[in-house]
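Novice: Please work from the sequences and hints to get the whole structure.
Heads up: the sequence shown is residues 1 to 202, going by the numbering used here.
Hint data in this document are derived by calculation from the structure and do not stem from the laboratory.
You can take every hint at face value.
For lysine-lysine, the following DSSO-like pairs were computed, each having C-alpha atoms within a straight-line distance of at most 30 Å:
| # | residue 1 | residue 2 |
| --- | --- | --- |
| 1 | Lys-120 | Lys-52 |
| 2 | Lys-82 | Lys-120 |
| 3 | Lys-52 | Lys-76 |
| 4 | Lys-190 | Lys-120 |
| 5 | Lys-39 | Lys-52 |
| 6 | Lys-120 | Lys-76 |
| 7 | Lys-39 | Lys-162 |
| 8 | Lys-82 | Lys-190 |
| 9 | Lys-190 | Lys-76 |
| 10 | Lys-39 | Lys-190 |
| 11 | Lys-39 | Lys-76 |
| 12 | Lys-190 | Lys-52 |
| 13 | Lys-82 | Lys-52 |
| 14 | Lys-39 | Lys-120 |
Estimated spans, in silico, between C-beta atoms of each pair:
| # | residue 1 | residue 2 | range |
| --- | --- | --- | --- |
| 15 | Thr-83 | Ser-15 | 50 to 60 Å |
| 16 | Lys-190 | Arg-155 | 29 to 39 Å |
| 17 | Lys-190 | Asp-65 | 19 to 29 Å |
| 18 | Ala-91 | Gln-130 | 37 to 47 Å |
| 19 | Val-24 | Tyr-87 | 52 to 62 Å |
| 20 | Ser-19 | Tyr-97 | 48 to 58 Å |
| 21 | Gly-18 | Ala-164 | 15 to 25 Å |
| 22 | Thr-160 | Glu-25 | 16 to 26 Å |
| 23 | Asp-95 | Thr-23 | 44 to 54 Å |
| 24 | Ala-60 | Thr-160 | 47 to 57 Å |
| 25 | His-123 | Ile-165 | 22 to 32 Å |
| 26 | Phe-21 | Ala-60 | 41 to 51 Å |
C-beta: ideal position from N, C-alpha, C; glycine also.
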Amino acid sequence: MQTRTYSDLFSLIQSLFGSDFATVEATRIRSLVNSRANKAYLASNYWPRFLKVGEERTVASNVIDYDQTGLDSIDKFLTIHKTQPHYSASAQEFDFYVTGDGATLVAGTLDPATAFVTYKAVHDSIYGDQSGDTTTVPREWFDYIAHGAYADAMRMDGQTEKAAIADAEAMDMLVTELLRVDDQTPSFLKGRISTNSNMQSR
1 MQTRTYSDLF SLIQSLFGSD FATVEATRIR SLVNSRANKA YLASNYWPRF LKVGEERTVA
61 SNVIDYDQTG LDSIDKFLTI HKTQPHYSAS AQEFDFYVTG DGATLVAGTL DPATAFVTYK
121 AVHDSIYGDQ SGDTTTVPRE WFDYIAHGAY ADAMRMDGQT EKAAIADAEA MDMLVTELLR
181 VDDQTPSFLK GRISTNSNMQ SR
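Specialist: Have a look at this one:
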């Protein structure tokens, strides 16, 4: 998926300010960038880069752990199926509830060894230019993060009116991206509506 560099992001935020940042200010901007990135991540369960559909996972005592070797960590369970979902044949969907151990299947006596999970993967990147940082930023968040971090910095400096304007611009940018996500996410990934018919087949 497309990305932009952190250095481009940092340069855009400096341009919005109209001046270069001192080292202390640069560190503060890095923190604000990551705060806004986290807000963007939380704004949707269906960001394509974090959405995993029908991934086979091991089940132990009807529980699917958040972490399994070689697979992305799960932030949020969306749906769980008995077989590979979203092909030509219908797949039975499990009810489940989530605890600190993972997702517990309401599976009766089935006790499956595996299940197919659609989930939102964990976002654990720290964007920046320091050692260990991720130096690329999701393109779909780029403008929102830049204008949002700028707004947050202005607010911290007591420039509340300018911050409010910049914040509104940032939210418009995020909403635009969220609408794009919504447009390309099929309805069958967004959960089911329970009816007498589909409950009888479960």
